[in-house]
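Line by line, the protein sequences are chains A and B.
Number 345 in my numbering belongs to position 353 of the first sequence; there are no gaps in the numbering.
Number 45 in my numbering belongs to position 53 of the second sequence; there are no gaps in the numbering.
To be clear, the hints were calculated from the coordinates, so they are not data collected in a lab.
A quick note: this is a predicted structure, and the numbers were derived from the prediction, not measured.
Note that the list lumps identical chains together, so a pair holds whenever it fits in one copy or between two copies.
The list that follows gives simulated cross-link-like pairs (lysine-lysine, DSSO-like), each with its CA atoms no further than 30 angstroms apart:
(1) Lys379 with Lys293
(2) Lys293 with Lys137
(3) Lys335 with Lys379
(4) Lys379 with Lys334
Protein chains: 2
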Amino acid sequence: MPEFFNVLPPDDARDLLFRHLTAVLPSETISTQEANGRVTGAAVTAPHALPQFRRSTMDGYAVRAADTFGASESLPAFLQVVGEVPMGQAANVALSVGQAAVVHTGGMIPDSADAVVQIEQTQTVSGVPLSVNGIQFPFEIEVLKSVAVGQNVLQVGEDVRLGAEILPAGHILRPQDLGGLLALGIMAVEVVRRPRVGILATGDEVVSPEEPTAPGQIRDINSYTVAGLVEQAGGVPVLGGIISDDFAALETAAADLLAETDMLVMSAGSSVSVRDMTVQVIDGLGQPGVLLHGVATRPGKPTIVGVVNGKPVLGLPGNPVSAMVQFDMFGVPAIYHLQGVKKMPRRGLVWAQLSQNIASESGREDYVPARLEDSADGLRAIPVFGKSNLIYTLVNADGLIRVPLNKGGLLAGEWVEVRLF
Amino acid sequence: MPEFFNVLPPDDARDLLFRHLTAVLPSETISTQEANGRVTGAAVTAPHALPQFRRSTMDGYAVRAADTFGASESLPAFLQVVGEVPMGQAANVALSVGQAAVVHTGGMIPDSADAVVQIEQTQTVSGVPLSVNGIQFPFEIEVLKSVAVGQNVLQVGEDVRLGAEILPAGHILRPQDLGGLLALGIMAVEVVRRPRVGILATGDEVVSPEEPTAPGQIRDINSYTVAGLVEQAGGVPVLGGIISDDFAALETAAADLLAETDMLVMSAGSSVSVRDMTVQVIDGLGQPGVLLHGVATRPGKPTIVGVVNGKPVLGLPGNPVSAMVQFDMFGVPAIYHLQGVKKMPRRGLVWAQLSQNIASESGREDYVPARLEDSADGLRAIPVFGKSNLIYTLVNADGLIRVPLNKGGLLAGEWVEVRLF
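Construct the complete structure from the given sequences, taking the supplied hints into account.
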């Protein structure tokens, strides 16, 4: 059995991979409304200030703050209301000393006003009812509490200043980011092209899921679980089909698929000789080839991490659990990296109390599938034990418990971090 | 100013909404490969066992375990290797007493064998090298350690038994679930139809993002942030455009859009009179109408939650931060509920140390946008303070800090939960 010549802890392995991936994919310009989940290819700056005009944050009266100074319930300030600022229109009311204008939440503040008195802090003297339309002006109000200059007013540029960098390059766009862009009238945005990820399944025993299986044959799973993770990370999966355990066939298929994609994933047959073949194929594709063969994790130790002409190339173990955990560990970050993502999305974690002991080995990072259950004492994590060839250990799990590199195991009753799928 | 007639804590408000949503949307059958993120409309059972044949979990030799009993390095068992099981083929090797067959990881175990000896626990006596092809049979090996019956063998049905329920109804399909289905040759799956969610923006001041803005006007944000959240929850957003603050216009637009969708969201103008109009419109659409007006949260207190003819109808505050936080709180769970989801997806949370005090009021659940930063002492949560009309407080945040209902605030240095976006 060959030695793993270069087994690294997962963080170091990922750093090694990233050091060899220097280029970000080219950008394209797309409609902002369709950019959810895409990554900015360049920083975006504000074409104008937001808000563009001073807005009221309350329903009430736009006033000159000085006119309210000293006002109280026992000694109210009297103001003459001379008009209303309709929603969506310029504030064309000019206020002289002792005057006010009706203003609604979000409405524009007249130039001559510098604060807003909340309607709850006023009383109508002449009994004119407040309604959106049909108010008779002028009428008089009592202001029961003074306001400071700027009170209840959103200033021009308080949300974003003209020219400010609103999003950096390498930012994954979320619904609120689209909202922020559209608020400024930015209808198109420069995003990095979605990485195309070629996926090959290998193994004489592997058949396509729609085919009937003969004794000794199993259906391809990894192409589809990996494709799902590729899409979730913003990539485009390109399925290359199933290749038999034949060096020349695999070499040709890998070279062809890599030529038309930005990244290649081979879910290798699981026997030693086939794993060796994957290493040779990757080394033959170009420089630098295989970076490491073996990661200090379980499941998934025999993972192969390589780079060919600036494109990541991964050889995953054939076992579906190993393949998925390892692709999540290296493939998903690589897809983000190709898009120039500066700050990887944070893992959703929950804390839960472990239901039973988990054995591990120091010097190895273990990932144990776990089911989560609410209980009277809080959230409980129930490990779903099973060999790494059993896909249903993952189907029955809500996430993975990480047993850190320096720990020999975890004890029942301990609070542990569960990384959600 | 009208009283909020029924202000509930968010959990109670959600329960109230769910009690009025009894029907799950109809199902449709789609390709398993395209079902990522969809929700099962019926339980799925296994059409056959998985694996369908006994498989080796190691590279080595299929043996009769009894032939190895008592074997050790000093007293090895000698076995005659009479053949090989090729990958992907039936195991057509019959073993007599004292015989073994070469088997690879994932390969089929011959009927007459009941265990596998790892290759590392053997030595080849006659010096025949092991390779995938070209092995000369028979040759002899020494077994250096005994194996138990079943050792290194995956049994038929060990992953899934024939007829077992592999997925319940109401399950959100993930990449590994697709893998589990395809492993069983299940190429199509019954899923609940994606809920169509109608979205109306209202307000005389609101214009479409592609239009230039005049003084007093702002661009529509909420339609797009809500649409993004709808898609993330598996729904189909149906944008109904911008309606002016006119009762008849809003009534007609709401009725028309609700008739062709499964749920309606109105992002209301933010002034009191317009909020009242939304309440009246919802009550006029059908039974039971508005369930509650006001949720004990900040931002977003004036949220309106209703149900009309079994369809959820929400009135969101006009402020973009309130609208997004409230839609996440009621709209997203409602979309899952319409799909019959039994177990809502768990929120990704991280723990972080608060950088400064946050004031709140007991009896109200506050959500404060926060940026996350790694520091030497661990993760830090830096609140992004800002009025709830500032969309960039959400753009600049990684998640929300929840200040629980019964707390008057949080202190700098406290460890707090941050719900990731």
